[in-house]
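Trainee: Sequence:
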Amino acid sequence: MAPRRRRDKTHADEYETPIGDVEATRKAFEALGFTPLITVDKTREEWRLPEVEVVFDHVEGAGDFVEFEFKGDAENVADATARLEKFIADLGIELGEPINRGYPHILLNRTT
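Under the numbering used here, the first residue of the sequence shown is numbered 1, with each subsequent residue one higher.
Hint data in this document are derived by calculation from the structure and do not stem from the laboratory.
Careful: at least some of the hints might be erroneous.
As a list, the in silico BS3-like pairs of lysine-lysine whose alpha-carbon atoms are at most 27 Å apart [stated by the list, open to error]:
(1) Lys71 <-> Lys86
(2) Lys42 <-> Lys27
(3) Lys71 <-> Lys27
All chains should be built: construct the whole structure from the sequences, respecting the hints.
Mentor: So this is what it looks like as structure tokens:
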């Protein structure tokens, strides 16, 4: 049985590392059988407060997005979520519906 996918996902582990040679890394993935699926062309502007990171992205073909990420110390996920929601509410701005999919998924759904 396949695991159920949560539609209300609030956080995820991310693993990032710098690479010295992009072209060599691409060739390694190709040798492993990977093929390019989609290219995400974006520009990003990052802002940081002690507990919150705000990121503005412009994604070619998809539009403009804002992401809020809690970076402070919290008791648990519920505490971090409540504090982040309060921060956003205190801004007094109107936002669209939350999107819990990455840019590749958004772009792929727009081109099909």
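Trainee: Now, for every hint given, state plainly whether the structure supports it.
Mentor: Here is what the structure says about each hint:
no. : hint            : result
1   : Lys71 <-> Lys86 : holds, 14 Å
2   : Lys42 <-> Lys27 : holds, 23 Å
3   : Lys71 <-> Lys27 : violated, 35 Å
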